[in-house]
Structure formats: C-alpha cells, structure tokens
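Protein chains in written order, with my numbering: chain A, 1 to 272; chain B, 1001 to 1643; chain C, 2001 to 2314.
One should not assume that every hint holds.
Said to hold, decoys possible - Okay, derived cross-link-like pairs now, EDC-like style, lysine to aspartate or glutamate, Cα gap no bigger than 16 Å in a straight line:
{"id": "1", "chain 1": "A", "residue 1": "K103", "chain 2": "B", "residue 2": "E1289"}
{"id": "2", "chain 1": "B", "residue 1": "K1028", "chain 2": "B", "residue 2": "D1285"}
{"id": "3", "chain 1": "B", "residue 1": "K1639", "chain 2": "B", "residue 2": "E1578"}
{"id": "4", "chain 1": "C", "residue 1": "K2309", "chain 2": "B", "residue 2": "E1466"}
{"id": "5", "chain 1": "B", "residue 1": "K1028", "chain 2": "B", "residue 2": "D1281"}
{"id": "6", "chain 1": "C", "residue 1": "K2089", "chain 2": "C", "residue 2": "D2076"}
{"id": "7", "chain 1": "B", "residue 1": "K1394", "chain 2": "C", "residue 2": "D2076"}
{"id": "8", "chain 1": "A", "residue 1": "K103", "chain 2": "B", "residue 2": "E1183"}
{"id": "9", "chain 1": "B", "residue 1": "K1028", "chain 2": "B", "residue 2": "E1289"}
Stated by the list, open to error - Partial selection, computed: residues in chain B whose CB lies under 7 Å from chain A:
{"id": "10", "residue": "L1184"}
{"id": "11", "residue": "A1188"}
{"id": "12", "residue": "M1192"}
{"id": "13", "residue": "F1262"}
{"id": "14", "residue": "N1287"}
{"id": "15", "residue": "F1291"}
{"id": "16", "residue": "G1528"}
{"id": "17", "residue": "L1579"}
To be verified - The following residues of chain B were derived to be distant from chain A, with all beta-carbon distances above 10 Å:
{"id": "18", "residue": "G1033"}
{"id": "19", "residue": "A1044"}
{"id": "20", "residue": "S1153"}
{"id": "21", "residue": "A1189"}
{"id": "22", "residue": "G1193"}
{"id": "23", "residue": "L1194"}
{"id": "24", "residue": "R1376"}
{"id": "25", "residue": "D1526"}
{"id": "26", "residue": "G1584"}
These aren't lab readings, by the way, just hints derived from the structure by calculation.
We treat Cβ as the ideally placed atom computed from N, Cα and C, and that holds for glycine.
Spelled out from the first residue to the last, the chains are:
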Amino acid sequence: MTAPVVSAVDLAVDYGSGRARRRVVEGVSFDILPGRTLALVGESGSGKTTIGMAVLGLVPPSAGTVEFDGADITALRPAERRALGRERQAVFQDPYSSLDPRKTIGYSLLEPARLHGASKADATSRARELLARVGLDAGAMRRYPAQFSGGQRQRIVVARALMTSPRFLVCDEPVSALDLSVQAEVMNLLTSLQRELGLAMLFVSHDLAVVRQISDDIVVLQHGRIVERGPAEDILTDPRDPYTRRLIEAAPRLDRRAPVESGKKGAPHAQL
Amino acid sequence: MSTAPATAAFATPPRRRIPGFAALFLRKPVAVGALVVLVLLVLAAVAAPLVAPYDPIVQDTSATRQGPSLAHLLGTDVLGRDLLSRIIWGARDSLGGVALAVVVMLAIAVPVGVTAAYVGGRVDRVIMSIVDVVMSVPNIIMTLAALAIFNNSMTAAMITVGVLASAAFSRIFRSAVLATRRELFVSAATVMGLRPLQIMVRHALPHAGGVVLVQASLFAAATLGIQTGLAFLSFGPPPPAPTWGGMVADASKVLATHPWMFIPTGGVIAIATLALGLLGDGIRDANAERFTAPTRVRGLEQNRAAVDEVVPAAEEPLLAVRDLTIGFGDRGALTVVDSVSFDIAPGEVVGLVGESGSGKTVTALALLGLLGGSGRVTGGSIRFDGRELAGDRKAFAEVRGSGIAYVSQEPMTALDPTVRVGAQLIEAVRHHDGCSRAVARRRALELLEAVRIREPERVLRSYPHEISGGMAQRVVIARALAGRPRLLIADEPTTALDVTVQAEVLALLRSVQRDTGMAIVFVTHDWGVVAETCERALVMYAGQLVESAGIDDLISRPRHPYTRALLASDPHGARRGELLPTIGGTVPSPADWPVGCRFAARCPLAVDACRRAPIALVDLGAERTSRCIRIDALVAEEKGATA
Amino acid sequence: MLALVLRRAVMSIVLVVVSTLAIFVLMSFVPGDPALTILGENATPEALERLREQLGLNRPLHEQYAEWLFGALRGDLGTSIFSGEPVAKLVWLRLGVTVSLMVGSTLVIAVVGIALGLLSAVREGWTGRLLDAVSLVGFALPGFWIGIVLVAMFAVAVRIFPATGYIPPTVSPGGWLASLVLPVTALSIAGITIVAKQMRDSARDALSRDYVRVLRATGIPERRILLLHVLRNAAVPTTTLLGLTAVSALSGAVFIENVFVPPGLGALVTSATLRHDLPIVLGVGVVFAIIVIVINLLVDIAYGVLNPKARVAR
C-alpha cells in the first residue's frame, strides 16, 4: 500500500471569533495517493474552498490535522513549513489576481525556483521549458500579466506552480472564470501534466462536469460535511446520497429539452 | 464565466510594450507643469542668495509701495523692500517647513501603518487604538502649545503638525497594505514558502508606494496652508524676516493704500499649493494606469463585415434587429458588434451564445439602450413592436421595464445596497402602475409569490445583503416582471448561482414564460442551459452572428466549425484521463479582425477562399443560417464520423 | 445601533481625559513664569513666591492636574491667571461664536459641495471642466487671504456686510446672519472644493454600478435614480469626509477669527497661548476635544443610518 501524499484526519475549521464563531468544516477525512486526483465537490457554503486552504496551510485547523507525507503540517517548525512550498503548490480561481501585476512573468516564474535554491540559469531554462509546455513562447518572460488574456494567465499560473517540480497540486476552481473553449484547454493541460509528472492533486470545484475529466475519486460536501465519497465513475453514474443525486440532476444537460409551449401571439400576462 | 472587465478581452497583442511610470507621468502636461513649478520654487529657495535681486531686509525709503516695474519685478512693500526677493527668501521658510512636516509624517506613518498591517492581531489593534486617540486630540491646540513652549519656533510647530497628522496617514497606509494582502498572488506567495517579511517587501509595499507619494503631496498642500496661516498670525521668525504668511499680514494692513501687494503674496502661496495638489493628482493617475494594457483606437483601420441579406420573418416580429453595429471609444470608432441581424417572435425563447469577445453582452445591453461608458450604436436599427428604438432616448425610456425588461448576471449587485428590497420592488410597481403605496405593496407581495419566495413579508423588509443569492435573483426577476414586459433580456441570469439554485431559477423562468407568454433572449455561455430552455439559438463570434438554428438542429447537427468546436469542448463529453478537443489560438480582438472569416485562423477546415473576402451569412432553409463557405466539408466530416 | 452609541460614548470620555492630560503636560513645559509676568520685573522675590503659592504653581504636576480635573467635572475650569475671571465663563461667552462659525461653514460645505459634486458627475461637458477649474482655485488660495479679500470687497468697498464684530442671534437674527456671512464664506471655500471632488468621484462610481444599470432597465426615471439611489450611496464615503472637514473647520476658525475678530474661542486661545495663560488653554482644549468627539459620534451615526451593512456589530 503506497503511503498517501496528503491526508486530512477528522479536519474541522472555524471562522469568525467570539459570538460570531461558526464551524464551516466538520469531521472531514480523506487520503490522496501519489498520481491520483481527489475532487472536492459542493456548492457555496460547502466548505470545499476552506478545506483547500487548510491543506495549503493558509488557514489553521480548529480540530483534527492535515498531514503531508505523514507529518502534521501545523506541528512543523516555520522553516519546515516553508520548505513544504517546494512540494506543494496551488492554482487558484482568479487568473487576474493570481499574478502580481507589477512583476514581469519572468519574475513570477523564477521566484519559487530561486527561493528553493535553484540558480538563476537553471531556473530560467526551466521557466522557458514550462512556458513552452503550457503553450506560450519564451518572449512572455519579459511581459506583464496585463498583456495576456485570462486563459493565458491561468496557463502561466500552472507553469509557475510546476517550477519546483512539486509532488502535490491544489487546484481551487481553476477554470471557473474562463470561457468554455479556454476551459477545455486548461483542463487538458492539467490532465496531461498530471499523467506525465505523476502529480497528486486536490481539485476543488462546484462543476461536476469539469471534474469528470480529471478526477479519480470524488468527495461530495454539504454544509461542511462529507455526504458521499467514492470512485469518480461510481459517484457520477450511480449516486447513492439524495443530495448528490440532486446535484447531478440539477446540472443543465445538452440532451434534455424543456417542453416550451411558446404562448405566442401575445397572450396577456396572467395575474401578474 | 470571465469576470474581468470587457476591455480585457481586447488586450493588446503581446508585441506592444507597457510604458513605465515615468513615461505615463510625462504624458500629462498639467502634472509635468506642476512638477516644473515646484522644482523652480525649490531651486529658488535653495539658491536664494544667488537668485534674489535684492537683500530682503534692506529698506529703500525712496521706493515704497510700488507696483511692478523693471527695477522691482513684483513691486515693493511699505518699507521699500523688494517683494520678489522677500518672496524668494520666504520660500525657504515655507517650503522648508512643509518639507519638515512631510518628512516627519512619513517617517512615523509609513512604519506604523505597515507594521500594523503586517503584524496584525493584537499589535494592530493596540496601534490603531493609539492612532484613534491621537486623531481626536485637537491639532490646533497642540500646535499652538508647541509654538508657546519653543518660543514661537516654526520648526517645532511643523514637527508637531507632522506628528499629529501621522496618525491619520498611518491608517491610510495600513489600508493600502491590507488591500494587497487579500490578493491571490499574496496567497500564492505564502504557499510558495516566502517569509511574511519577504512577501511584504516584494509584493505589498510596491503597491503602497503609489499611495504614499500621492498622500504626501496632498498633505504638503494642506500643510502649506497651515504654515502660512501660522506665519500670518505672527508665529515663526519675527519681522523683519520674510515669511509668506507674514507678508500677507503686512499686505492686509495697507490694503487701502497699496492693494497690489496683496496679489503676489497670496499668489505665490496659491501657486505652490496648486502645484502640490496637481502633482499629487498626476502621480495618482499615472500610477493607476500602470500595468494596464489599454487599446489604441486612434488611427485604427478595422476590417468590417459584408452587408447581409437578411431572411425576413414570416410575421411581424416582436423585436427586429437589422445590421446592428456597436462601437466604443471616440465617436464609436472601435466597432465591437458588426452588422448583427435577427428577429424575435412574440413568446419565443431564443438563446444568444458566445464567449468573451463575441459581443453578445454588448448586443443585449444595446437592445435596452443601456450601453455605458463610451459605447454607442453606430449603425442599424432596433424595432420593438414596430417602433424604432435605436438612437431615440425617449423611446428607450418608454419601453424599458414595460416593453423590454432586464435581468443581469450578479443578483447581489443588481439591488441598491442601502435600500430595503421591498422599497425597490414597490418603486418599480409604482412607476409602472402609478398606484398608491398600499396597492403597490400588495402587488409586490403577489410578485414575490409568483417567483416562489416563501416568506414574502420578511423578504420585503430585508436589505439586499440579508438575503441569499438565489433569493435576490428571484427578487430581481419579480421586479423585471412588474412592468408586464413582453420581452425579457436575461444576461447570464444563473451563472453566479449554485447549481441547485440555478435549476430552480431556470424552472421559474420557464414557468413564468409559459404563464405570461413573454419572449426571452437568453444570453449565456452554457450549452446545457441553452438546450434546456431555448427553442432557438444564435451563436456569436468576434462581433458577428455566425450561426442560427433551432435548438435540436444546432446541437446535434451544427453547421459552423466554431459551433461544432464549442460544442465539442463542453466538459459533459469528457472521460477520465481523455483530452477534450480544443480550438487552439485566441479570439481576435476588434482591432485585429482579419479581412476574411474571423474564425479562419483557428479553423481546421479553412481554405484560401475563407481568408480573402468577408463571408456572408447563408440561408440554409428550415430557418437555419450560417456564415461559412465550407459547410459541405463540415457535413462530410459529420457523416464520416457517424458512419 | 444602541450598543454602538454607548461604546462610543464611553470611549469619548476616555479620549477627553487623555487629550486634556496631554495638553496639561505640554503646557507645563511652557517657559516663563506667570507670576513674573503678572507682577512685573520690579516685584520682590517674596511677592513672587507668595503669588506662586497662591496660584498653586509649586505643587507637583499630577496634583495640579487632578485638582483641575475634579474642578472641571464640577464645571469649574479654574480662573485665568491674568484676568482672574473664571475660565468657564470666558469660554461659555465665546463658545457660541466659534460654534456658529463651525456649524455654519459645515452646513454650507455640505450643501454646496454635495450639489456641485453631483452636478459635475452628471454633466460631462464644459460645466464639469468649469467646476474643475473653479475648485482648483478655491483649493489653492489660503482661507485667511480670501477672508481679507472678502472684507475688502464686501465690507469696505461696498458696505454690505460688517467687517468685524459679531451680533448674537438673541440680539438680532438678521444681524447675526449678516455678521457670519463673510467669515463662513472664507472658511468654507476650501472645504467645498474637497467635498465636491469626493462627491463627484463617489457619484461617478455609483453611476457605473450594476444596480444603476438595472434601475434604468426597470424604467425608473434618471432623476429619481440620481437623487434617491446615487446620492444615498455616494453620501456614505462623503459623510466621513464631512466629519474631517468639520474638524478642520475648527482649526480654520482660529485663523479666520484673527481676520474678522469675532469674540470667539480661536482668538481667545491664540492670545492665551502667547501669554502662557494655562487655565484658558486647558479650558478651550477641553471644549475643542469635546466638539471633535461629538462630530465623530455624529459621523458614526450618520454612517450607520446611510449604510445598513455597517449597523451589524463590528
């Protein structure tokens, strides 16, 4: 049995302080094995983004633990926690605020590699390599984020996340802000990169369709708790929990047609 | 769906360089002028012994109370002293004092504000409490006290002003730094493993730098007023030493006999204050324009569409759009929607599908005359119920709400946050029905029930931030229905909602449509939504209509390569580990529209003929149209695929 | 809402105490011996010592402050070292003047500034640019200079308004208003330009928002949108600015009172500072501190009224 890269053990997170303190995540446990993707699916208020933040160390757990390679990340010394940044990276939702608008693309790409000890020459060549891999030319290094479209920026963010050859990637709604065709490109990129590099991934999304392409296992969340979990195929084709069923049913589908009896010829408004 | 501003889709191609701060600043003549004036004043003050034509204290009893002359460029005062020289020497006192106050203020406010923002927690709270206390101490009293203690020393007064002002400014700098902390690139930096101090220095402070400069110059302008005021009251260096404020006091004493003196003495203060204020404005504007990539509109030669032969509608349509053309920028020079034509029959539900840069949202807004900013309809017509709307503000005003209604994407921002929900709904009802408040209230409740809100009384009394997104969207729909419209423009109405709420709202829209018989134009990027709600759909790409068809035909047998590719990239068709077919390339921005087919650069079926001339819309019969000359190849591929 | 007000009230008392303590400590450093100034250079050392004892100048600092504080709580703000009059009475007589100036100018700034700002937000063309130019001039010219010009023009050249002096409203309301016109104008000009600019920016921002577009789409007439919705939303940040303007009107009043010489607190405290008359400075300092705190309280309340989101406990 291979050891999981990341585990959540009975994770709980609170927001607010004093009288306004609420528990937004309760009793969440999961394992992510190397090379596999776990999708966290839920609507707003489900706690999925909070769990992503907790796994990244951006939000402290109020109960339970988050483990990386078996070690509790909150029990690590600050230096060790920072060193985790080499192995664990993130791709966030908003391509417009994920890159510092005042820094060139080159700076943003080199920053993580240089931080973790790479020489400038090595980091630069790796940056060029990754830019090519995500479909952009090396000239991008000298330009600023404002000169690129949303989809292109998101690809740059993916390249940046891979600069240190991490083993684990958290993707928090990485394509929700993108157009449909661009969404497909970025999802393809993530899918193929994961295969090539054997990345473990935590994929947070509200869109079940998007998750279909990339996830091995799915965890469905509602109000901060897990309502169902299992292999992706099972969940999507044969959901057991009524909430999961509602989620799947609710997503608008191409093959459904609503009977629209057009009340043509200007039928008057009823009691409205 | 992209939440970026509309202009982001038209980003300049990567080739053009982004101008730096200096370049942007130098393009503003007013700000540059202000800087030059200030530099001249500072130089004059520093080099006073060399520049001043006369000794400022020496009196010349033969030349008192003179106006401007060759000997004395600004005249003399009551004791015959040259005013120009006194003003130049006085600059040392005033500008020096202001500089001192600014330096003291920044030296305290920047570290305090940044530390409070960076450390946060209890330290932040303690610092801010101290700041609050200092801010409530009456500044003028403390300044006067400082003057008294240190024997009328202007230096002491200026230091006091700087210290007292640093409280308010540390608040401002703290906010600036805190604002950057919430940005995602700071989270990314934290995840990466950067130390908090490194993040602060590399990513947060540079953003605050602009704020510091702007506030410093505005503070300098205000302090000059205080410094000269104090000098006016005889604080600071005693006569005969020249001070700008003291000279105003002297001038006021001889106002009746020597009114001229009042002008240069007040004038120099005004010029210096103005220069500082304008400099601050210039810095702020230049800073805001940095790192953005604006579109160049001047001297633009765009490639435009051919005029289409439009398929006339069978009966009188409810909405008839012909060759609608919309432009942005100076006199609408940059066309973003290019000769779009379509009809909407009464009670029909039509989808308007496209991605960012297609022009679908702009088209929808134009139907209501709601193009904001510099957008305007530059050609074509919009006929609603037989009446021409385009270019007629009055016609639009009469039709809005009662003929054509609108539902937008973000429910939470569609309602005025300071007014109760009920009041906003009643406002709409009263406008359309002209009834009393009581009657309007009853109708409002009915409308809320019609949109299936369960506790209508409670919702009426609530503020927008107290209700959920789904509920807010229902309220917005209810308000749209208040005028009994015959056409509803729904602009991505469910994109911002949770998927279960989305399903409910879509069902609601369908049932409302059935009950009222109103037509709907459904702007969306979601094929599932289009499939489930619309009878017919129009596909837009790069400002043009590229295909229109009944929903079944469109989805199962698309007749335009873009439509086909867009349907193929729908994630519903994905399998684990497989790659979705993608289009490749990017949408051309309006400035870069090619001569021929705008999709040719990305189209697998493109041939030379596609690129040579604009492609016209072709009528395929059975109420289908397509803007493509390679439909045969497309059909052949489709047959090959199904074979 | 009530909890907010109560919390602010408690904070305010603390602030008043801290302010007066700060002023007290500061003033104690003022050089010069009041006793010497009163009795003159020829006084004998014994007479000086007796006067110092009488005035309580030899007691330790904290005792002097404590005694002053307890007196103040009883309404006794001590007596002027020089005139012997009770400070409370001096302050009370002159309070009306300064408050009239302050309230008057704040009202003028609010009404004119908001109207101008709203107007220039809506009218893009030459009216906007004219307002820009005028506001630049108003911002740049120092208040005391404007005051003198106003006196020269409207009180000396053409005798419409009085140049100096002040008529209390109880004597003649018309005269009171007339005596206020020039000083309030001089005091308000800079404030109007700042408030107008802020109002214009806030109004433009509000006009670009989604809810304005949706209101237009509903068919609501533009004038109603402007006066009811935009004004309300734009007033929120403007209220904070108005609070700051009111406070700076207090400082401005000190300068203006030296031009127009109405018998107000500004003129009083300036001369008292020069004479090192500590009780007067303290007394005026207390009043100023209380005024500032009342203003801040009013701003908070107004903010809560205008912005429903702010009413939720912070």
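Checked hints:
Straight-line distance between C-alpha atoms of K103 of chain A and E1289 of chain B comes to about 15 Å, which keeps the hinted pair within the 16 Å bound. About 9 Å separates the Cα atoms of K1028 of chain B and D1285 of chain B, which keeps this hinted pair within 16 Å; it holds. Of the supplied pair hints, the one linking K1639 of chain B and E1578 of chain B is violated, its CA atoms being roughly 23 Å apart against a limit of 16 Å. Our distance criterion of 16 Å between C-alpha atoms is met by K2309 of chain C and E1466 of chain B, whose separation comes to about 9 Å.
For the proposed pair K1028 of chain B and D1281 of chain B, the alpha carbon gap of about 10 Å is at most 16 Å, so the pair holds. For the hint pairing K2089 of chain C with D2076 of chain C, the CA-to-CA distance comes to about 9 Å; that is within 16 Å, so the pair holds. Between K1394 of chain B and D2076 of chain C the CA atoms are separated by roughly 68 Å; this puts the pair beyond 16 Å, and the hint is violated. Only pairs whose Cα atoms come within 16 Å are accepted, and K103 of chain A paired with E1183 of chain B is accepted, the gap being roughly 14 Å.
Straight-line distance between C-alpha atoms of K1028 of chain B and E1289 of chain B comes to about 12 Å, which keeps the hinted pair within the 16 Å bound. For L1184 of chain B, the shortest C-beta to C-beta distance to chain A is roughly 4 Å, which falls under 7 Å, so the interface hint holds. Residue-level restraint check for A1188 of chain B holds (minimum Cβ-Cβ distance to chain A is 6 Å; threshold 7 Å). At its closest, the beta carbon of M1192 of chain B sits 5 Å from a beta carbon of chain A; the interface hint therefore holds under the 7 Å criterion.
The closest approach between the C-beta of F1262 of chain B and any C-beta of chain A is roughly 48 Å, which is over the 7 Å cut-off, so the hint fails. Taken as an interface hint, N1287 of chain B does not check out: its beta carbon lies about 10 Å from the nearest beta carbon of chain A, beyond 7 Å. The criterion of a C-beta within 7 Å of any C-beta in chain A is met by F1291 of chain B, whose closest approach is roughly 5 Å, and the hint holds. Because the beta carbon of G1528 of chain B sits about 3 Å from the nearest beta carbon in chain A, less than 7 Å, this interface hint is met.
Hint status for L1579 of chain B: holds, given a least beta-carbon distance of 5 Å to chain A, under 7 Å. No beta-carbon of chain A is positioned within 10 Å of the beta-carbon of G1033 of chain B; the least distance is around 27 Å. Non-interface call for A1044 of chain B relative to chain A: holds, since the shortest CB-CB distance, roughly 36 Å, exceeds 10 Å. S1153 of chain B, annotated as away from the interface, keeps every beta carbon of chain A farther than 10 Å; the closest lies near 42 Å.
A Cβ of chain A approaches the Cβ of A1189 of chain B within 10 Å, the least distance being about 8 Å, so the stated non-interface status is violated. The Cβ of G1193 of chain B does not lie farther than 10 Å from every Cβ of chain A; its closest approach is about 3 Å, which violates its non-interface assignment. For L1194 of chain B, the requirement that its beta carbon stay farther than 10 Å from each beta carbon of chain A is not met, with the minimum near 6 Å. With a cut of 10 Å on Cβ distances, R1376 of chain B stays outside the contact zone with chain A, its closest approach being about 25 Å.
A Cβ of chain A approaches the Cβ of D1526 of chain B within 10 Å, the least distance being about 6 Å, so the stated non-interface status is violated. Here G1584 of chain B does not stay apart from chain A, with its beta-carbon only about 8 Å from theirs, under the 10 Å limit.
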